[in-house]
Structure formats: C-alpha cells, structure tokens
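Chains P and F supply the protein sequences, listed in that same order.
Following the UniProt record's numbering from start to finish, the first sequence increments by one per residue and tops out at 727.
Following the UniProt record's numbering from start to finish, the second sequence increments by one per residue and tops out at 117.
Everything labelled a hint here was simulated from the structure, so no lab data went into it.
Note that CB positions come from ideal geometry on N, CA and C, so glycine has one too.
Fair warning: there could be bad hints in the mix.
Straight-line Cα separation of at most 16 Å, EDC-like style, residue types lysine to aspartate or glutamate; simulated pairs [unchecked claim]:
| hint | chain 1 | residue 1 | chain 2 | residue 2 |
| --- | --- | --- | --- | --- |
| 1 | P | Lys-723 | F | Glu-95 |
| 2 | P | Lys-477 | P | Glu-588 |
| 3 | P | Lys-575 | P | Asp-601 |
| 4 | P | Lys-327 | P | Asp-281 |
| 5 | P | Lys-401 | P | Asp-423 |
| 6 | P | Lys-575 | P | Asp-504 |
| 7 | P | Lys-725 | F | Asp-91 |
| 8 | P | Lys-180 | P | Asp-218 |
| 9 | P | Lys-725 | F | Glu-95 |
According to the in silico footprint, chain P covers these stretches of chain F (three or more CB under 8 Å from chain P) [as the list claims (entries may be wrong)]:
| hint | segment |
| --- | --- |
| 10 | 29–38 |
| 11 | 50–59 |
| 12 | 105–114 |
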Amino acid sequence: MRHNSSQLGYKVQSASIEGRGVKLEIARSTVLKPIGDDSSSHFRLVSSPAIKFEMTRKLGFAFLLLAAASICEAAAIFSPISEAHRSAALELFSPAAGTFSSLEEATEALRTFEVLGIEIESDLKDSTCKSAVDALSSGSPNSKDLYYALRVSSVLQCKISDGALTGVALRLKDFVKDAKSLLDFYYSIGGLVLIKDQTSEVDVLLDDADGIFRSVKDLSQSDGKWRYSSNNPESSTYAAGIALETLSGVITLKSSDIDGNLIDALKRDVVKLFDNIDKYDDGAYYFDDRFVDASGHQGPVSATSSVARGLTTLASTSGSLNIPGDKILGLARFFLGIGVPGTGKDLYYQIDALASLDQSRVLVPLILSLQASVLSISSQDKLKVKVTTVLGSTGPPLSVKLMQVFSSGSKDASIINQELKFDPKEAVHVLDALPVGVDVGEYVFAFEIVLSDPEHKKIYVTGGRTKVPVYVTGVVKVENSKVEVLESDSVETQQKLDLPGKNDVALTANHLQKLRLSFQLTTPLQNPFKPHQALLKLRHESGVEHSFVVNSGKLFETTLDFLGLVENFFYLSGKYDMELTVGDPAMENSFLQPLGHIELDLPDAPEKYGPKPEIAHIFRLQEKRPPQELSYAFLGLVFVPFLAFLVGLLRLGVNMKNFPTSMIPAAFAILFHGGIAAVLGLYGLFWLKLDLFTTLKTLGVLGLFLMFVGHRTLSHLASASAKVKSA
Amino acid sequence: MGKSPTTKDDAQALFHSLRSAYSATPTNLKIIDLYVVFAVFTALIQVVYMAVVGSFPFNSFLSGVLSCVGTAVLAVCLRIQVNKENKEFKDLPPERAFADFVLCNLVLHLVIMNFLG
Numbered sequence: 001m002r003h004n005s006s007q008l009g010y011k012v013q014s015a016s017i018e019g020r021g022v023k024l025e026i027a028r029s030t031v032l033k034p035i036g037d038d039s040s041s042h043f044r045l046v047s048s049p050a051i052k053f054e055m056t057r058k059l060g061f062a063f064l065l066l067a068a069a070s071i072c073e074a075a076a077i078f079s080p081i082s083e084a085h086r087s088a089a090l091e092l093f094s095p096a097a098g099t100f101s102s103l104e105e106a107t108e109a110l111r112t113f114e115v116l117g118i119e120i121e122s123d124l125k126d127s128t129c130k131s132a133v134d135a136l137s138s139g140s141p142n143s144k145d146l147y148y149a150l151r152v153s154s155v156l157q158c159k160i161s162d163g164a165l166t167g168v169a170l171r172l173k174d175f176v177k178d179a180k181s182l183l184d185f186y187y188s189i190g191g192l193v194l195i196k197d198q199t200s201e202v203d204v205l206l207d208d209a210d211g212i213f214r215s216v217k218d219l220s221q222s223d224g225k226w227r228y229s230s231n232n233p234e235s236s237t238y239a240a241g242i243a244l245e246t247l248s249g250v251i252t253l254k255s256s257d258i259d260g261n262l263i264d265a266l267k268r269d270v271v272k273l274f275d276n277i278d279k280y281d282d283g284a285y286y287f288d289d290r291f292v293d294a295s296g297h298q299g300p301v302s303a304t305s306s307v308a309r310g311l312t313t314l315a316s317t318s319g320s321l322n323i324p325g326d327k328i329l330g331l332a333r334f335f336l337g338i339g340v341p342g343t344g345k346d347l348y349y350q351i352d353a354l355a356s357l358d359q360s361r362v363l364v365p366l367i368l369s370l371q372a373s374v375l376s377i378s379s380q381d382k383l384k385v386k387v388t389t390v391l392g393s394t395g396p397p398l399s400v401k402l403m404q405v406f407s408s409g410s411k412d413a414s415i416i417n418q419e420l421k422f423d424p425k426e427a428v429h430v431l432d433a434l435p436v437g438v439d440v441g442e443y444v445f446a447f448e449i450v451l452s453d454p455e456h457k458k459i460y461v462t463g464g465r466t467k468v469p470v471y472v473t474g475v476v477k478v479e480n481s482k483v484e485v486l487e488s489d490s491v492e493t494q495q496k497l498d499l500p501g502k503n504d505v506a507l508t509a510n511h512l513q514k515l516r517l518s519f520q521l522t523t524p525l526q527n528p529f530k531p532h533q534a535l536l537k538l539r540h541e542s543g544v545e546h547s548f549v550v551n552s553g554k555l556f557e558t559t560l561d562f563l564g565l566v567e568n569f570f571y572l573s574g575k576y577d578m579e580l581t582v583g584d585p586a587m588e589n590s591f592l593q594p595l596g597h598i599e600l601d602l603p604d605a606p607e608k609y610g611p612k613p614e615i616a617h618i619f620r621l622q623e624k625r626p627p628q629e630l631s632y633a634f635l636g637l638v639f640v641p642f643l644a645f646l647v648g649l650l651r652l653g654v655n656m657k658n659f660p661t662s663m664i665p666a667a668f669a670i671l672f673h674g675g676i677a678a679v680l681g682l683y684g685l686f687w688l689k690l691d692l693f694t695t696l697k698t699l700g701v702l703g704l705f706l707m708f709v710g711h712r713t714l715s716h717l718a719s720a721s722a723k724v725k726s727a
Numbered sequence: 001m002g003k004s005p006t007t008k009d010d011a012q013a014l015f016h017s018l019r020s021a022y023s024a025t026p027t028n029l030k031i032i033d034l035y036v037v038f039a040v041f042t043a044l045i046q047v048v049y050m051a052v053v054g055s056f057p058f059n060s061f062l063s064g065v066l067s068c069v070g071t072a073v074l075a076v077c078l079r080i081q082v083n084k085e086n087k088e089f090k091d092l093p094p095e096r097a098f099a100d101f102v103l104c105n106l107v108l109h110l111v112i113m114n115f116l117g
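Take the sequences, apply the hints, and build the full model.
Dropping the structure here:
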C-alpha cells in the first residue's frame with residue numbers, strides 16, 4: 001500500500017491577488033490608532049508609509065501568554081483556500097437559466113467569485129447588472145432590495161448614473177430616519193456606504209450620525225450580543241456582527257463627530273463579545289448561534305462570519321481593537337477547518353469572512369500548511385512548509401523553525417530548533433533532512449514562525465508554535481525469513497523464504513509436529529519495526545481458513561503446534577495453503593503473499609455423539625448365608641427341647657381332669673383354647689404376609705372374643721376349685 | 001468306710017437332698033419349671049446357631065432369643081403367683097395369674113412376630 005500525498009498546489013490569478021495586495025498596502029498605511037492605553041476620546045490619523053510600531057506593554061505580555069498557551073493545542077492541518085473551493089464555487093453558484101434567482105443570491109455569488117478570482121461571463125454580468133439597475137430605479141419600498149442591488153452593482157462595476165444614485169441615496173436617507181429594527185438600519189446605511197464607495201458626487205452624509213449611532217447601540221446587550229429590535233427580546237451573535245458593520249458605516253458617513261465615548265463603549269462591547277467565544281481543541285475559535293433567529297440564520301458559520309465582517313469593518317473605520325491575536329487566528333482556523341462547504345450560503349460566508357480577515361486591520365492571520373503531510377524516508381522526500389495568508393497568497397518575509405518533534409502517543413519530544421531553508425522559487429520552506437531518529441511512524445512536528453521584520457508582529461498573527469501531524473513512511477526490509485517444521489523442538493525441515501517476494505514452499509507435517517515461521521522487520525533507520533498487522537493464514541483445500549497472529553518481539557515468529565490445534569482444524573487433513581500478511585500504514589511495502597502449501601496429516605475425529613458404554617447395575621451382594629443343611633439341622637435341633645418338654649410333661653403325669661365336662665363350660669373351654677390357637681395362627685400369618693394394621697385390627701377382634709371366653713372359662717374353673725376347697 | 005467325708009460325698013449328699021426336696025413340690029409347679037427349662041434350652045440352641053453362622057439377620061436372632069427368654073420370665077412370674085407357699089399372693093386366684101400369663105405371652109409374641117422380619 002503506497003500512500004499518495006494529495007498535491008495541494010493551486011493556481012492563483014495573479015492579477016487580482018496583486019490588485020488586492022496593492023489595496024492592502026494602501027489600506028494599511030492609513031491607520032487609526034488610539035493614543036494611550038485606556039480608552040480616551042480622540043484619535044489621530046497616522047498616515048505614514050511605514051507603520052509606526054508602538055508595542056504597548058500590554059500587547060507584548062499578551063503575545064508571551066499566547067506563545068505559552070499555543071503549546072497546549074492539538075495538532076491539526078489547516079490548508080488555505082485552494083482549487084477545490086474554486087470548483088465548488090462554480091458548481092454551487094452556477095445560475096440556472098442564465099440569471100441569478102435573486103439579488104441576494106447574486107451578491108453572494110459575485111462576492112465569492114470576486115475573492116476567489118473567478119471571471120464571470122459577460123452575458124451573466126450584463127443580465128445581473130440590468131436587474132440591479134432595474135431594482136434601483138424601480139422605487140421599491142424595500143431597503144433590502146436597494147442594498148443588494150447596490151452591492152451587485154459595486155462588484156460588477158455596473159454603470160449607473162449619478163442622478164439615479166442621488167435618488168437612491170435620498171430614499172435610503174428616508175429609510176434611515178424611519179428605521180426601527182436593526183436590519184432596517186443595516187440595509188439603509190449599508191446602501192449609503194456602497195454609494196459613497198462608488199461615487200463621490202452624491203451626498204450621503206448623515207446629519208444625525210450621533211443619534212443614529214445611539215439608537216443602534218441601544219439594541220446591544222450586556223453579553224455582547226445584539227437584539228434585532230427593541231420590542232423583540234431575541235438576540236444573537238449574527239445580529240452583533242451586523243450591528244458592528246452598521247455602526248462602522250455610521251462612522252464612515254458622519255458629517256459631524258460622534259461622541260468618542262460611544263465608540264469606546266462599542267469597542268468594549270466587542271471585547272465582551274469575544275470573551276464568550278467558543279473554542280475547538282485544535283485552536284479554532286467560533287461563535288455559535290444555536291437557534292434560528294429573526295433573519296433565519298442559524299449556526300456557527302453564519303454567526304462567526306458576520307462577526308468577522310463586522311469586526312474588520314469596525315477596525316478599518318475606527319482603529320484597532322483590543323482582540324487577542326490567537327482569537328483572530330482561531331477565527332481563520334475555524335473557517336479553514338470547514339474545508340469546502342456544501343451549500344452556496346456557507347461557502348459565501350466562509351470566503352467572505354476569510355477575505356475580511358485577510359484585509360483586516362486588527363491582525364492578519366498567517367497559516368502554516370504542509371505541501372505533503374506524508375513523507376517517505378525511502379524516497380527521501382523533503383518536508384515542505386508553506387506559510388501563506390488564508391486566501392493562499394504569500395505572506396511577509398519570515399523564517400520557519402522546526403522546534404520539536406513528538407512521536408505519536410508519547411509526551412516527550414526531542415528539541416530540534418532547526419531552521420528551514422526558504423526556496424523563493426516555490427515559496428516554500430524546506431527541511432533538508434529529517435531530524436535524527438525520525439523513523440517510520442506518526443509524528444507531530446512543532447514549528448515556529450518568526451517574522452523577519454519585527455514590526456510585522458503588529459500586522460500579522462502567526463500563532464506562535466504550530467503543531468502539525470506528519471506521517472513518515474518507508475520501505476521496511478524483511479530479513480531472515482524462514483519457515484520450518486519442528487519435531488519436538490528439533491528442526492526437521494527448513495525452507496528459507498524470500499519476502500516480500502513470491503514464494504512457493506512445499507512442506508509436510510503430522511499432528512505431532514509444529515510449524516514455525518519467523519522473520520525480522522527492519523526500518524530504513526535499522527530499527528526493529530512492529531507493524532499493525534502480521535497474520536499467517538492457513539487455508540484448506542475445502543475452503544476452511546484459520547488465521548494466526550504472528551507475535552512480535554526481537555524476532556517475528558509464530559509457532560503452530562498442531563497437537564493443540566487438531567480440534568480447531570476440525571480434523572481436516574490435506575493440503576493447506578499458507579499466506580502471510582504484513583501491513584502497516586507507515587510501511588510502503590506491505591504485502592499479502594502466498595508462501596506455498598503444507599500437507600497436514602491429522603488423526604481421525606473421534607465419535608463424539610455415538611452411544612456411550614452401558615452401565616450395568618451392580619446389586620448389593622447378598623450376605624454370606626450358611627449352607628441350607630446346617631440351617632435345617634438347627635431347625636430340627638430347636639424342636640428337640642419341645643419334644644423333651646412334652647416327654648417331661650408325660651412323665652409328670654399331666655391330665656385333663658380339670659377340663660369341664662358339662663356342655664356350656666366345655667364349649668367355652670374349647671373356644672378359649674381355640675382362641676389362643678387362632679391368635680397364634682394370626683401371628684403366623686402376620687409373619688408370613690399380613691401387615692401390622694390388619695393384624696392389629698384382627699387381633700383386636702380376636703382379643704375381645706378371647707377375653708370374654710377366657711373370663712367365662714377361668715371364672716368357671718375358679719368357682720369349681722373354690723367349691724372343691726370348701727368342700 | 002471310716003474316711004472323713006470327701007467333697008464328692010458332700011456333693012452327692014447335697015444333690016440327693018435337693019432331689020428329694022424337689023419331688024415334694026406340687027405338680028403344676030413342676031410343669032411350669034419344665035416349661036422354663038424348655039424355653040431356656042431353646043434360647044441356648046439359637047445362640048449356638050448364631051455363634052456358628054454369624055449374626056445376620058440380627059433382628060431375627062434377637063426376636064427368637066427374646067421370645068424364649070420373655071416367655072421364661074413370664075412363666076417364672078406365673079410360678080411365683082401360683083405357688084401356694086408364697087404368702088404375698090395368697091389372695092390371688094391362680095386362674096387370674098394364668099390369664100395374665102396368657103395375655104402377656106400374646107402381647108410378647110405380637111412384638112416378637114413384628115420384630116422377626
């Protein structure tokens with residue numbers, strides 16, 4: 001990947017720029033300066049070819065502070081107006097059907113073309129002039145139409161008779177008297193100023209300049225913004241810019257002196273306005289009106305542009321204002337930072353504001369830009385720096401010094417303090433050689449602009465230390481590159497590679513081996529280089545790809561251990577194509593090269609989802625039981641005492657004499673013995689198969705029966721034996 | 001024989017006197033004694049069996065032995081209550097004692113059967 005630096009060359013129509021330059025000179029030689037540090041009442045016209053340079057202590061201190069503060073800015077590239085703006089202007093302002101749709105649009109287009117030095121074809125010029133003249137002589141009751149018609153005619157130098165202009169001037173003066181809102185004042189006074197510029201024959205001076213000044217000033221607010229009219233509380237910064245322009249017009253048109261206090265108060269308001277300015281990190285300052293105000297304008301571009309115009313117009317009429325230089329430079333940076341706007345209105349605001357700043361009597365901003373921000377060490381590009389005005393014309397004689405070089409991301413920098421050589425042919429400052437130690441990568445170069453003529457410090461503002469990002473690229477050497485197949489850490493096959501050229505190696509490996517790729521990257525300054533990307537890709541013949549990051553260190557290497565990667569590779573054996581990608585934005589020879597192929601022999605995939613082995617339940621082993629014969633023997637043995645009991649009973653001479661002989665007692669006796677037998681039988685059944693509950697239930701029944709029967713029997717026996725005893 | 005009476009002669013004489021005294025007991029008491037001897041012997045045989053084959057299942061062994069021992073104990077109680085020479089139970093009719101004996105045996109055997117398993 002080779003970076004192509006965009007060529008920021010531009011062609012300038014020398015005639016018009018020089019013309020403007022001449023105007024600049026004239027304008028600058030007549031400067032109104034206040035005497036004394038605090039606001040005093042009178043001014044003095046200093047008309048000398050050379051500017052008397054009175055550096056007040058306040059201003060000097062302010063500059064020192066600027067120099068210190070500018071170090072904290074972020075690095076950014078601001079480039080002056082270029083061909084891109086010209087082509088955008090032609091595209092955005094090309095009138096449909098050959099004429100502009102309105103005088104307002106015509107004003108914007110013509111002003112933009114004028115600044116950018118674009119010629120208008122004569123047909124369009126004629127038709128636009130015609131519509132302007134018609135508007136002026138039509139007697140329209142609108143001061144806005146008259147204003148825009150006058151603007152168009154002043155740009156195009158349309159031929160209007162003095163008589164017509166006198167009539168217009170009278171109407172405008174009436175408008176001024178009847179004006180109620182800020183815009184009324186703006187259009188009418190602006191129109192009178194334009195007439196004054198065109199011809200000196202017509203009387204445009206205002207009788208009550210002081211009163212008009214006051215009535216416009218009354219619309220100001222304490223925060224520096226302006227209201228549009230006394231009934232409407234809406235205020236905006238855009239309105240402030242318009243008001244400043246209007247008031248400077250009043251100063252120009254005065255027939256008698258305006259109270260100096262008013263002008264000083266106005267200047268203080270301007271300073272207050274600048275106290276509320278917004279800022280971006282890269283040093284751009286801007287005003288932001290976040291709402292759509294009465295005139296339908298919205299956004300930072302229109303607001304900042306209006307303030308820039310108003311400020312510079314005020315400075316040109318009533319002397320320099322106490323605005324710090326970095327804010328002026330910040331305004332210029334804001335407009336340049338927009339790039340090429342997308343709408344005609346925004347382009348007009350941008351170009352108009354930059355043109356005003358360029359001619360400003362406050363301070364003219366100078367922009368440092370690089371011809372190319374990407375340098376190649378290998379092609380030995382030289383860093384070329386241009387310092388121009390915002391419109392791209394050459395600035396005053398100055399020298400550029402490279403003060404510091406920061407490498408990206410780190411705070412510490414190397415102090416260089418090297419002056420760049422000025423090439424008058426190309427009007428660039430050239431850095432002959434890059435500082436020692438600047439290798440490929442991203443850097444921030446801090447430049448300082450030093451004006452050759454110390455008096456120019458009052459005219460131009462350079463911004464002290466300017467930081468710009470610079471990319472240094474180069475050809476990175478790839479050395480010692482080889483790919484090996486390792487068998488338990490000992491090299492089995494080795495192939496040397498020729499990177500970044502073509503390679504075609506053929507390797508084989510099985511899953512027990514490892515693949516190692518290693519190489520070294522060196523920058524043109526012999527330092528080790530760490531690229532943004534270093535990947536090794538293996539692609540199977542079936543299309544499955546695996547990417548691996550090559551680890552950096554002293555040596556770039558990656559070791560693929562196939563034993564661990566078998567599963568990642570989905571057990572696919574076969575031919576894998578190897579591809580190495582090394583890339584970085586600073587590397588001019590980034591490459592994506594096929595290296596060859598490797599035959600991998602991987603084991604078969606295991607059956608992951610087959611049936612698992614069956615588990616047989618192991619029942620509890622039975623306790624060791626004695627042999628059956630032994631148990632039977634003891635069973636027999638247990639009955640022996642019973643037999644012995646029976647034998648003993650017989651020997652004792654048991655008899656059944658007490659058994660009752662009569663019917664009923666006999667029956668009861670039999671039932672008694674039967675009951676006992678039944679209970680014992682129940683117990684036997686209980687042991688064999690019954691459960692406790694049925695047993696208990698049956699036992700309850702039997703027990704009741706048995707108790708009844710037993711009671712009868714035994715009481716009979718008792719009475720019988722009692723009879724025997726008594727007898 | 002003019003020898004001094006030996007231990008053997010003494011034991012023999014003791015044995016004879018016991019035997020003759022025992023024969024004087026009433027028959028029903030002898031029946032009960034026989035019953036007790038029978039029960040104890042049965043228990044002994046069970047213990048010997050357990051000693052031979054091991055104590056598994058232990059609950060069966062216990063229930064067997066306890067049934068014999070229990071019934072022997074109850075029989076002894078019956079003998080005490082029925083014995084006419086026993087002044088304590090003079091007023092207790094022997095039928096009543098026998099009824100108690102039967103009842104207690106039945107309860108004992110219920111428990112034994114439950115524990116037999």
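These are the hints, each one checked on the structure:
no.	hint	in the structure
1	P/Lys-723 to F/Glu-95	holds, 14 Å
2	P/Lys-477 to P/Glu-588	holds, 10 Å
3	P/Lys-575 to P/Asp-601	holds, 9 Å
4	P/Lys-327 to P/Asp-281	holds, 13 Å
5	P/Lys-401 to P/Asp-423	holds, 14 Å
6	P/Lys-575 to P/Asp-504	holds, 13 Å
7	P/Lys-725 to F/Asp-91	holds, 14 Å
8	P/Lys-180 to P/Asp-218	holds, 12 Å
9	P/Lys-725 to F/Glu-95	holds, 14 Å
10	29–38	holds (count 6)
11	50–59	holds (count 4)
12	105–114	holds (count 5)
The structure shown violates none of the earlier numbered hints.
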